[in-house]
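Asks: Place chain B on chain A using the hints.
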Amino acid sequence: MKLVRIFSAAVLAAFMLLICGCWDDYELNALFIVTGIALDSSQNPSQMDISVQIAKPHPSSEGKSDSENEPVILMNTTAPTMSDALSVFNRNSNRTLMLQHNQVLLLGKSLAEDNIIKHLDLFMRDQETRMEVLVMVVDGRAEDIINAQLEQDSISGMFLARLITDLTTASSHYQIRMIDFVSRLLDESVAPIAPIVSLKENNGKQEIVMNGMAVFDNERMIGQLTNDEVTGYIWAMGDVSRGEVSFSTEWGTAVLNISSLTAKREISFDNEKVQVNLSIKAQLHIGQISGFKYISMEELMAHLQTSAEQAIRDKIMNSFEISKTLNADIFGFGRSIYRTYPSEWKKIREEWETVYQNLELDVNVDAHIATTGQITDSLEMEEGKSAD
Amino acid sequence: MQIDKRKIPGSVMLFSVVCFIQASSLLTAFLAGVTFQDSWFAILIGTIAGLPMIWIYNMLISRFPGKNLLEILSEVFGKVLGKIFGVMYIWFFLTLTSLNTIDMGNFVKLTIMEETPRLILMVLCIVVGAWAIRYGIGVVSRYSFLFSMISFIILVIGIFLVWNQMDFKNFLPMFTLPVKEYIQGTNIILTIPFGELVVFLMIIPNVNIPPQKISKMFFIGYLLGGIHILVVMARDIAVLGNTIAMFSLPSLVTLRLVHLGEALSRMEILFAVVLIMLMFFKITFLYYVTVITIAQFFNLKEYKPLILSIGALILSYGLTLYVSPVKHTLSGQEITPIFWILFEFLLPLVTLVTAAIRKRPKTGKV
Numbered sequence: 017m018k019l020v021r022i023f024s025a026a027v028l029a030a031f032m033l034l035i036c037g038c039w040d041d042y043e044l045n046a047l048f049i050v051t052g053i054a055l056d057s058s059q060n061p062s063q064m065d066i067s068v069q070i071a072k073p074h075p076s077s078e079g080k081s082d083s084e085n086e087p088v089i090l091m092n093t094t095a096p097t098m099s100d101a102l103s104v105f106n107r108n109s110n111r112t113l114m115l116q117h118n119q120v121l122l123l124g125k126s127l128a129e130d131n132i133i134k135h136l137d138l139f140m141r142d143q144e145t146r147m148e149v150l151v152m153v154v155d156g157r158a159e160d161i162i163n164a165q166l167e168q169d170s171i172s173g174m175f176l177a178r179l180i181t182d183l184t185t186a187s188s189h190y191q192i193r194m195i196d197f198v199s200r201l202l203d204e205s206v207a208p209i210a211p212i213v214s215l216k217e218n219n220g221k222q223e224i225v226m227n228g229m230a231v232f233d234n235e236r237m238i239g240q241l242t243n244d245e246v247t248g249y250i251w252a253m254g255d256v257s258r259g260e261v262s263f264s265t266e267w268g269t270a271v272l273n274i275s276s277l278t279a280k281r282e283i284s285f286d287n288e289k290v291q292v293n294l295s296i297k298a299q300l301h302i303g304q305i306s307g308f309k310y311i312s313m314e315e316l317m318a319h320l321q322t323s324a325e326q327a328i329r330d331k332i333m334n335s336f337e338i339s340k341t342l343n344a345d346i347f348g349f350g351r352s353i354y355r356t357y358p359s360e361w362k363k364i365r366e367e368w369e370t371v372y373q374n375l376e377l378d379v380n381v382d383a384h385i386a387t388t389g390q391i392t393d394s395l396e397m398e399e400g401k402s403a404d
Numbered sequence: 176m177q178i179d180k181r182k183i184p185g186s187v188m189l190f191s192v193v194c195f196i197q198a199s200s201l202l203t204a205f206l207a208g209v210t211f212q213d214s215w216f217a218i219l220i221g222t223i224a225g226l227p228m229i230w231i232y233n234m235l236i237s238r239f240p241g242k243n244l245l246e247i248l249s250e251v252f253g254k255v256l257g258k259i260f261g262v263m264y265i266w267f268f269l270t271l272t273s274l275n276t277i278d279m280g281n282f283v284k285l286t287i288m289e290e291t292p293r294l295i296l297m298v299l300c301i302v303v304g305a306w307a308i309r310y311g312i313g314v315v316s317r318y319s320f321l322f323s324m325i326s327f328i329i330l331v332i333g334i335f336l337v338w339n340q341m342d343f344k345n346f347l348p349m350f351t352l353p354v355k356e357y358i359q360g361t362n363i364i365l366t367i368p369f370g371e372l373v374v375f376l377m378i379i380p381n382v383n384i385p386p387q388k389i390s391k392m393f394f395i396g397y398l399l400g401g402i403h404i405l406v407v408m409a410r411d412i413a414v415l416g417n418t419i420a421m422f423s424l425p426s427l428v429t430l431r432l433v434h435l436g437e438a439l440s441r442m443e444i445l446f447a448v449v450l451i452m453l454m455f456f457k458i459t460f461l462y463y464v465t466v467i468t469i470a471q472f473f474n475l476k477e478y479k480p481l482i483l484s485i486g487a488l489i490l491s492y493g494l495t496l497y498v499s500p501v502k503h504t505l506s507g508q509e510i511t512p513i514f515w516i517l518f519e520f521l522l523p524l525v526t527l528v529t530a531a532i533r534k535r536p537k538t539g540k541v
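In order, the protein sequences belong to chains A and B.
Mapped onto the working numbering, the consecutive letters of the first sequence carry residue numbers 17 to 404.
Mapped onto the working numbering, the consecutive letters of the second sequence carry residue numbers 176 to 541.
Any given hint could be a false lead.
Quick list of in silico lysine-lysine cross-link-like pairs, DSS-like style, CA-CA up to 25 angstroms [stated by the list, open to error]:
id : chain 1 : residue 1 : chain 2 : residue 2
1  : A       : 363       : B       : 344
2  : B       : 355       : A       : 362
3  : B       : 355       : A       : 363
4  : B       : 344       : A       : 362
One-sided excerpt, in silico: chain B residues whose CB lies under 10 angstroms from chain A [what the hints assert, rightly or not]:
id : residue
5  : 299
6  : 302
7  : 303
8  : 344
9  : 346
10 : 414
11 : 417
Chain A stretches covered by chain B per the calculated footprint, using a threshold of three residues with CB under 8 angstroms from any CB of chain B [stated by the list, open to error]:
id : stretch
12 : 142-150
13 : 377-391
Source of the hints: derived by calculation from the structure; they are not laboratory data.
The model shown is predicted, which means the values in this text are computed figures rather than measured ones.
Virtual Cβ for every residue (Gly too), placed ideally from N, Cα, C.
Same shape as in the complex, but just chain A (with noise of 0.2 angstroms):
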């Protein structure tokens, strides 16, 4: 009698593996790898276009030709959301599609002009998707950078993925994340950004170049940073561990390299104008000199001290300028204030476009040389020194 009890419990327990988790198999090979989604406004203007790039599993070592190695499989239909759109592909497709794995989520840039906010909710709702994906704006269709054939990475999502990786060790701001731009979409003053990229001909092959990065309002994009203009607001925003400061005086040129940069705020409020006071700390080492003949080592210190810090206030003061013209606060100024003075923030909130206009922002550089590299003086100092 205990003998069966015990059997059939055993049993039971059998059909308990047997019964679960049959509706959730996925095996490799019914599936396909999502690295990069694109989407792109359509000529009718109620559909978009969407095109999706799949990794395909790398081929073994056979010795086929390249063209039938291509590393991925693009597919694209017109459908009016992401949703209508995956059904199609999964439709003509005989595996299924898998986003979890999608790297980059490019928009064309008349699409990103046209409305974004309509087309996030799938992104954000599935549970498949990820905030982690990396949104980008694509000067041109982004269904190209997808078709893109690359010499640096064969798959142009993973490429687009590792470029924003090796940024975010100069800087964690050049990397916009879906969460970093809902976070700033949900913002009542902070304008959303996201890097822009393009797709480049040179010498009959395909590159895809960095271009700066849009800059959002509410719902669309409104405008756009040049590269030395992001490299503006990187410094303002501060965390900054890699770049180069680079200007040229009436002695000679000079490149500094960033080993460190951070950015302090403070805010003051003067009757109905806000004024900003952004500290920064720079450490520098020096890159590259060129010129600087008759100079002595200590006033040349002083010199590239005083000129660097020059140089880093006006790039600051140059993106300031832009993103007022754009009347978009990129630097999160408002949240600054909402966070260290809510009440004031209350009364100046319905009016903050009028108010960022009229902001006043002052930039105080400290900067600091801490080693010359491994030479101290440049030839053309030398030659200086030996004319004396």
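Replies: Only chain B this time, still in chain A's reference frame:
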């Protein structure tokens, strides 16, 4: 008269309390939707405000040593009124079990097994729970230490993994919301995980230590559980910032964002595993309490025949409780926190006061 005569050591009870509270990590979403970046504060206040509640439970325990809630009720209020309150508690325990089972089903379906019918997940959980309950309180609570330690460890690992993404400015501005919101938030945290500890009054006679020590165990367990929820909340706010109110499972999203190189990323499965484990513990515990309460209410000598039928009741009740998940969330935010006060705070308080007035128990020293 005690149905389950098996005893458990005091430490097991302590960790059962911890586990029980930890299992409510799911509810951080309810709270984040109400108190946003100040949710950690609501939890802190809730933990402090919950201390008098625990004190009431402890007073009941030390006043009526070796008695469980049903016995206390019938001794204090007499046969008829005691039975009426008993029925109310049976309903309360049953509803709690059903709600938690549904929550677990929804959670698993939402996170890891999208295609699997919710019912299968719930049935499996109840069947395994029923098995444990057959062998009494010892088996039901034995794993509490292991479970709570695993979740503490995973919490710490999780914090290290998202350390580079935390922004402590996300806590600003502090204390700017209307007072009403803090009260609502505190109320949610107080009634849903903390107040549910009232179920422990049913198993106190099974704890093999003197009543004074029980209160100590109760307090320590309560504080450990409270700290756990507080840390989880603080971590999620620091990582997610103003987007936290948007997600139905903030902790899951937090761990999804883990990105240390290409290998160490997408760690949300850790959270899912821990939560399923804790939810299983909580459901089994509540299920056990429901079974013995009903058995004792009808003066049965054995509770085993009831197990499977009550399990079936829990499932069918749970499935028909709410028309939609939206209604479930709404009532979780607005109705239950108010209604549960009756069972978790008012009735024990009234019992304690009445016992003092009527000088019960008659033979007791107090």
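Asks: All hints, please: hold or fail.
Replies: Consistency of the hints with the structure:
1. Taken as a hint, the residue 363/A and residue 344/B pair is honoured in the structure, with Cα atoms around 22 angstroms apart against an allowance of 25 angstroms.
2. Distance restraint check for residue 355/B and residue 362/A: the Cα-Cα separation of roughly 19 angstroms lies within the 25 angstroms cut-off, and the hinted pair is therefore satisfied.
3. Between residue 355/B and residue 363/A, the direct Cα distance comes to roughly 22 angstroms. Compliance with the 25 angstroms bound is thereby established for this hinted pair.
4. Between the alpha carbons of residue 344/B and residue 362/A the distance comes to roughly 19 angstroms, so the proposed pair stays at or under 25 angstroms and holds.
5. With its C-beta approaching chain A no nearer than about 6 angstroms, residue 299/B sits inside the 10 angstroms limit, and its interface hint holds.
6. The interface hint given for residue 302/B is met, as the beta carbon of that residue sits about 7 angstroms from the closest beta carbon of chain A, less than 10 angstroms.
7. Look at residue 303/B: its Cβ gets to within about 8 angstroms of chain A, closer than 10 angstroms, so that hint holds up.
8. Nearest Cβ of chain A to the Cβ of residue 344/B: about 6 angstroms, under the 10 angstroms cut. The hint holds.
9. Contact between residue 346/B and chain A, as hinted, is supported at the beta carbon level, the nearest pair being about 9 angstroms apart and thus within 10 angstroms.
10. This hint holds: residue 414/B has a C-beta 9 angstroms from the nearest C-beta of chain A, less than the 10 angstroms allowed.
11. Proximity of residue 417/B to chain A holds as hinted, the smallest CB-CB distance being about 5 angstroms (cut-off 10 angstroms).
12. Counting residues of the stretch 142-150 of chain A whose CB lies closer than 8 angstroms to any CB of chain B gives 4, so the stated coverage by that chain holds, three being the minimum.
13. Residues of the stretch 377-391 of chain A with a Cβ under 8 angstroms from some Cβ of chain B number 0, which does not satisfy the need for three, so the listed coverage is violated.
Consistency note: the structure conflicts with earlier hint 13 alone.
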